[in-house]
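Model the full structure from these sequences, guided by the hints.
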Amino acid sequence: MVRVTGSWSPPPPLEVSGVTVRFAGLTALDSVSFTVDPGSVHAVIGPNGAGKSTCFNVLSGVYRATAGSVRFGTAELTGLAPHDVAALGVARTFQNLALPPHTTVADSLLLGRHRLMRSGFLAAGLRLPAAAREDRLHRERVREIAAFVGLEGDLGAPAGSLPYGKQKLVELARALCMEPRLLLLDEPVAGMTADERHRTAAVIAGVRDGLGISIVLVEHDMGVVMRLADAVTVLDFGRRIGGGTPAQVQNDPAVIRAYLGEEDPAA
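Numbering-wise (our numbering), the sequence shown opens with residue 34 and increments by one.
Watch out, some of these pointers could steer you wrong.
Distance windows between CB atoms, simulated [unchecked claim]:
{"no.": "1", "residue 1": "G51", "residue 2": "G198", "range": "33 to 39 Å"}
{"no.": "2", "residue 1": "P134", "residue 2": "Q283", "range": "38 to 44 Å"}
{"no.": "3", "residue 1": "D70", "residue 2": "G224", "range": "28 to 34 Å"}
Honestly, the hints are just simulated from the structure, not real lab data.
Keep in mind the model is a prediction, meaning the values are calculated, not measured.
We put the CB at the ideal spot given by N, CA and C, even for glycine.
Here's what the structure looks like:
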């Protein structure tokens, strides 16, 4: 495994407690609770409309919970703006790519380092020695992270010129460039070929095992979820209907009904 240096501090637990989100009377999340253990992959799954994206938007500060608590160690995330959540070491990728297509992969990854930069634009523009040293440090970290995800040969290419699967890896690498303690991955293998899914799943496993980062994963590919996840939370119509290990969830009658639309025999 490629060695990555930097300030990778151990993550605390993420504790989601009784989170409810309402929009104009519509309940998108209804008292959802789960805990993400430090250094684990925790998948949040469910049918379309289950509340997965709403949950992610609460965790990342895009939405504010109507009720409940989201604690990351001693920090309460509920009510914080997205940039304040990011400052606590929480990084997120999105379902849709958001890469500047004509910017090189190296410069795209460098954008992920902005939270860690200390030199101002003036110092950088004047090429002061301290700013030059910092720039070299950040570019070295970018090269390490690119190698970690398998993009070391693409650093000089425009991000938009890469195959779709590699563009998704660029977005993952850019999130890693923040040196996060918690990584929120929103459908990281959606739209990929089988080979690309396998490669990306291996990278995600390496992030957990090699860097010790906690990961919350929303993904429709159940094969990837079952291979990667240490724990799974299942949502349906905004409620938590199941949870546990992948094996436990696979055999949970309530989960099977939610996915297959089977009638409850007791109903």
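Results for each hint:
1. G51 <-> G198: 33 to 39 Å: 38 Å, holds
2. P134 <-> Q283: 38 to 44 Å: With a Cβ separation near 39 Å, P134 and Q283 satisfy 38 to 44 Å, so the hint holds.
3. D70 <-> G224: 28 to 34 Å: For D70 and G224 the Cβ distance comes to about 29 Å; the hint holds.
Violated hints for the displayed structure: none, as all numbered hints are satisfied.
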